[in-house]
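Chemist: Quick note, the sequences are listed as chains A, B, C and D, same order.
Each residue of the first sequence is one higher than the last, beginning at 584 in the numbering used here.
Each residue of the second sequence is one higher than the last, beginning at 584 in the numbering used here.
Each residue of the third sequence is one higher than the last, beginning at 584 in the numbering used here.
Each residue of the fourth sequence is one higher than the last, beginning at 584 in the numbering used here.
FYI, nobody ran anything at the bench for these hints, they're computed from the structure.
It cannot be assumed that every hint is accurate.
[Unchecked claim] Cross-link-like lysine-lysine pairs, in silico, DSSO-like; alpha carbons within 30 Å at most: (1) D:K904 x D:K924; (2) C:K594 x C:K657; (3) C:K924 x C:K904; (4) B:K924 x B:K594; (5) C:K594 x A:K904; (6) D:K657 x B:K904.
[To be verified] Listed below are several chain C residues computed to face chain A (Cβ distance under 10 Å; list not exhaustive): (7) R660; (8) A891; (9) Q917; (10) Q918; (11) S940; (12) F964.
[To be verified] Some but not every residue of chain B turned toward chain A, in silico, with C-beta under 8 Å: (13) F610; (14) A694; (15) D730; (16) A731; (17) P768; (18) H814; (19) S817; (20) A822; (21) D913; (22) I921; (23) S923; (24) V925; (25) V930; (26) G936; (27) Y939.
Using N, Cα and C, we set each Cβ at its ideal position, and we do this for glycine too.
Below are the chains, spelled out letter by letter.
Number of protein chains: 4
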Amino acid sequence: MSDLRPTPDDKFTFGLWTVGWQARDPFGDATRPPIDPVETVHRLADMGAYGVTFHDDDLIPFGSEDTARDEHIKRFRAALDETGLVVPMVTTNLFTHPIFKDGGFTSNDRAIRRYALRKVMRNIDLAAELGASTYVFWGGREGAETDAAKDVRAALDRYREGIDLLADYVVDRGYGLRFALEPKPNEPRGDILLPTVGHALAFIAQLEHREMVGVNPEVGHEQMAGLNFVHGISQALWAGKLFHIDLNGQHGPKFDQDLVFGHGDLLSAFFLVDLLENGGPGGGPAYDGPRHFDYKPMRTEDLDGVWASAAENMRTYLLLKQRAAAYRADPEVQQALITSKVPELSVPTLSDGETYSDLLADTSAYESLDVEAVAARGYAFGRLDQLAVEHVMGAR
Amino acid sequence: MSDLRPTPDDKFTFGLWTVGWQARDPFGDATRPPIDPVETVHRLADMGAYGVTFHDDDLIPFGSEDTARDEHIKRFRAALDETGLVVPMVTTNLFTHPIFKDGGFTSNDRAIRRYALRKVMRNIDLAAELGASTYVFWGGREGAETDAAKDVRAALDRYREGIDLLADYVVDRGYGLRFALEPKPNEPRGDILLPTVGHALAFIAQLEHREMVGVNPEVGHEQMAGLNFVHGISQALWAGKLFHIDLNGQHGPKFDQDLVFGHGDLLSAFFLVDLLENGGPGGGPAYDGPRHFDYKPMRTEDLDGVWASAAENMRTYLLLKQRAAAYRADPEVQQALITSKVPELSVPTLSDGETYSDLLADTSAYESLDVEAVAARGYAFGRLDQLAVEHVMGAR
Amino acid sequence: MSDLRPTPDDKFTFGLWTVGWQARDPFGDATRPPIDPVETVHRLADMGAYGVTFHDDDLIPFGSEDTARDEHIKRFRAALDETGLVVPMVTTNLFTHPIFKDGGFTSNDRAIRRYALRKVMRNIDLAAELGASTYVFWGGREGAETDAAKDVRAALDRYREGIDLLADYVVDRGYGLRFALEPKPNEPRGDILLPTVGHALAFIAQLEHREMVGVNPEVGHEQMAGLNFVHGISQALWAGKLFHIDLNGQHGPKFDQDLVFGHGDLLSAFFLVDLLENGGPGGGPAYDGPRHFDYKPMRTEDLDGVWASAAENMRTYLLLKQRAAAYRADPEVQQALITSKVPELSVPTLSDGETYSDLLADTSAYESLDVEAVAARGYAFGRLDQLAVEHVMGAR
Amino acid sequence: MSDLRPTPDDKFTFGLWTVGWQARDPFGDATRPPIDPVETVHRLADMGAYGVTFHDDDLIPFGSEDTARDEHIKRFRAALDETGLVVPMVTTNLFTHPIFKDGGFTSNDRAIRRYALRKVMRNIDLAAELGASTYVFWGGREGAETDAAKDVRAALDRYREGIDLLADYVVDRGYGLRFALEPKPNEPRGDILLPTVGHALAFIAQLEHREMVGVNPEVGHEQMAGLNFVHGISQALWAGKLFHIDLNGQHGPKFDQDLVFGHGDLLSAFFLVDLLENGGPGGGPAYDGPRHFDYKPMRTEDLDGVWASAAENMRTYLLLKQRAAAYRADPEVQQALITSKVPELSVPTLSDGETYSDLLADTSAYESLDVEAVAARGYAFGRLDQLAVEHVMGAR
């Protein structure tokens, strides 16, 4: 099917660190060689991707001299120019080097916090140069293993201080970047600050430049806490804060699996794609940013498997998009939604102009409501769920 | 030890539904008779509790006629007067009756949403009459089992509409009540809206009367999502939103156990009590509201066991409070905190008056920092954790 | 599609308690009326089911007089005769009545253990009379909330004593029944004995009549512990112990959801059906017993929704069976399995007649093996997973 | 307290890989230098440990030439001789090198399975030479990320083939070693074979030399599946299969934390120590093997922190042992156990010589039992739990 062939219009993007993961895990050595970022750019472009993203250290090894740094950037830019791939998002590595073992923005060690801010600012300059519109913050090391070790309120003060300062910097430089915070409940820290989409949104509400800060939720991260990812994305959209998204797969509460998108909870992936693609006004997209895959090719795969897995992410997304379109178009689904009163939830509870006094005066709302009769109505949600399952399975 | 005998100054409160739980569970019938709320008031007062809380239906059976309702309230008031017990918090039951099977504020059925608002308003009047200062909202039925069944953004619109309307009502009536939202990730619904402290705080930030709405986190609810409760409470305090708290015990992600406080994750309970009692300015309390136990006496217990369990909640809290005081007072702990740079996290990352330009100009922060040397420093967090464990165990 | 219409040959069975669940949950009252078992028999037969199963108390209310009991049985039998529905499995309710609040076989109270054995024996007689071939034991109340309350080794002694005695009874009476133990990790008890398929299999190995005792795993129960259900079923089959199976849906570690089959982890449901239907010798079935649905229609549904949900279980199973057949028949899948060396795992590690001494003498196995070259081979497991996902989605 | 100073009689042992962990994690580089195994031996001896354990590759880097290998062994032996430390357990690393990326015993690649067996045999020779009595098998790579990739029944055949062959080898050589299988549910594989104590025990029952194979359960591994570790150990003891034990700490279902013993679920650690130390006949030990710590010093710690953490494991164990002794000795606890009928569970359900026919004839057991009266009895389990909590806290 031709519409399963990705094109840049699909806005698929990948991190350099995804295909480039050498498959070193807590119990095993690397199983794959490094990949030159330039090769990644060409490969992704050949596959129909739209863009590529990176942490500073993915492109420029930590501690590189300036001339080496410039050379890395130059080669990368050339590949971008050659392929037309864009860099819509950039982020900082504040977790690999031992200096960040207690975090970057919230390390107990003030010298490290200052160092982290400098590292971010330097990479923000590069992000702006490369035309990125989003700068992601994954605070994977901002956390603790024991409650004794971290004054969480002080940590949140420092986190805010850091983000506020960087926002000032971006504003003053006129970079036009927006920030996106990426929540995760744990791993590598025992508990990570801002563990869920909710906590990140709540934190953002306390920021000076809250208008330019949103979230970058990752499928597996929410599912590691047993949370419903579609619900989380919905709340982020509701708050106007879905600035970026990380797509992958996970099998519930365990270590971070970073599977190919769809290779985890397939039904949730379907409802997610439906929300993103068809959940907007008039049934259009609810989100128009990059569909960013933040996954890891399995450690058992060789380089051929790596590139195959990259393509599988996109193909699965497009398949789900087809299924979601058919689901929405199905008259039985449309009727079932009405039967289940799903659209009725968009009708305000109070009528236009009605006040609580009016509601208090409306005896039909309470005094004379036939409670047992109303309670007896079935919602037929099972039917809806079955229709969705059958659409996912291509059985309708 | 005399200071293990609770007094009203300890501000211990219990819900009528806690000791009054008849131990009906998803696979079993009630094992205990109902308890007259008047008896509960007397028992709790005798034990040294400060107050009692209730859902409307705990005190006044659903569907009672007005005269019966008045009688229930009158008897209850008399017991309060007699004992001196107060009612600092009241809440609504929007989950037991079948009419709420798809929620109250966010039911797809608009008639039910209107009915729910009326039910709440009626009970808010009673709460105000009884002198309550906090009104809790646990939206246990606000959720779904399948993503097909609920338009989450519309649901959040309706949730906000409901809370905004009720806040208006409270303000207009001059009731002086504050609202506290109680998050829970799931059960009885497959997924509940506002699943964690974070999601609730984020929601509150979107409300019209956000200043009068905070959270009522429950130990077990956050732990059902594998989240660190002390971190959640810290973020709530940081946002100025810890309006109430539900204390109990839980063994990680599974059904809601509602064990006696401390009879789950004991170390977390210790750090929680330490935060509440000693985490405020100058080492005073960080929270001064009721210490509310929202637990269930185990289904294996008879009525003697019920009352014993109520006392155990308070005794365990007081024991942990003693341990936390000793922990804070221990010079080795104080030294260990400094060694681990815990207080240094309260020092802003930028000096007073320093700007990002100054930071950029400070070569000692980045260019000349001895990264490897700084990275090599150990934090000695293990020592702190061990000191805490030993204090919990009364071994120091 | 005609092959999506269930027939008795599909061996679909349902418990009376599934469609009959009145939707009482820990926080809510019943939302549906009881259903007469006779109606259930007729409805299931009309839908193409093969059989019906029950706990004693589902058919005969606890405490019924003998004459009432006989009448219940007589009406039920008549319905079976009329419809041709069979009763392949029967089980005992040792969990609803308060007397079992600390368990049946392993209650600390010996009188209760004796009572439980009598209750089971009585119902085993009925099971035999009705021609059942499997008797299930779900020990939902055999467990504890605190380690202080239960001597687990003594409990396992009593559990074994009970099962051994009942096996003797069945053997002596010539009933021809086999026993199937159903594991569950928790709920309603904090921790249940024999929490997983593995623990149950290990327990069975210690029984006197171990040859007549197997397991009855339930999808959701293993997934509540985050375990892979297909792996569990595989180990049960490997041990020759898959005597019965309970099909439903679940979203990971949380309360027991008992969703419709497939309405949880759809990919796992696909691999399960593939294993059951195509995992036997020559690609035939690996299991030939009833496909038993142990689910609960959602609490939001009315009786129409109840019957619809019953049909959805069967339809989803049959759809997955079609998808699995297509997956197996796909030449690309067959080639991919070979590429991934999946069949090579069935080749013994030692050659026919080879001993460890021969292996020690085989320098090609170790001394001269090109370890790095072997290590570099990719397994292409991602390709296999993607093929499965696409077959589930009907996209190939 | 002098009895908190460990001595070899306490039988505390540590893996070389525990203190020696360089703190490389999935998102970060090593934060600590390697430690010479000879230094570890001396340090552990100085602290009062009893023994040291290792994977082959911990002592002898993978791929070492024979002369280098001999030298490593010689230096290690000398340290053992000098310090008196023993080596009660040895194990094999079948997980770090990329060759094992799909497992050792159950790799789909037969050449790798043969290689793995050879690697184990070689190290078994060394284990025997060093006087070890237990050989552990942790099959961390025996598993899969997708059900498509692994024929689990074939995998179990190969697993059994491997263990059977190695058991033959050990028997024939007269090594006197026993095998202990270590279960883990996941990480590094998406799902690991033999995921829990139960699954491992069930597998052992299928082995040729089942009498010489037991389990080596690890605290955190069972808790990663939300299972009760004390229950798992009890079932292993009940089966006579607790051959070794790995002590550490974990905070529920998430990545494998390997915290210091007690620094996770403290109440469970208490009941575990009580079981091991006092759960045997006459209140003596239920287990007399090594108390083996398989933990990881946190990544934030330097080498001083590493050695401190080793000592903390032992100290916490000894503290809990004191608390457990006091708990057992407390007359209130003894009375409470009787009240809760805990000892009554050790009384067989049938009287001596009683048959099921006798039970059927005993109308007091069923027909005339006052079910409601028996059901109304409370078990007072809450009291027991509270007594335990207070003993853990040193408050009695």
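Chemist: Could you run down the list of hints and mark each one as holding or not?
Modeler: To see whether the hints hold, each was checked on the structure:
no. : hint            : verdict
1   : D:K904 x D:K924 : holds, 24 Å
2   : C:K594 x C:K657 : holds, 24 Å
3   : C:K924 x C:K904 : holds, 24 Å
4   : B:K924 x B:K594 : violated, 34 Å
5   : C:K594 x A:K904 : violated, 35 Å
6   : D:K657 x B:K904 : violated, 54 Å
7   : R660            : violated, 31 Å
8   : A891            : holds, 6 Å
9   : Q917            : violated, 18 Å
10  : Q918            : violated, 14 Å
11  : S940            : violated, 31 Å
12  : F964            : holds, 5 Å
13  : F610            : violated, 22 Å
14  : A694            : holds, 6 Å
15  : D730            : holds, 4 Å
16  : A731            : holds, 4 Å
17  : P768            : holds, 6 Å
18  : H814            : holds, 5 Å
19  : S817            : holds, 3 Å
20  : A822            : holds, 6 Å
21  : D913            : violated, 12 Å
22  : I921            : violated, 10 Å
23  : S923            : holds, 6 Å
24  : V925            : holds, 6 Å
25  : V930            : holds, 6 Å
26  : G936            : violated, 13 Å
27  : Y939            : holds, 5 Å
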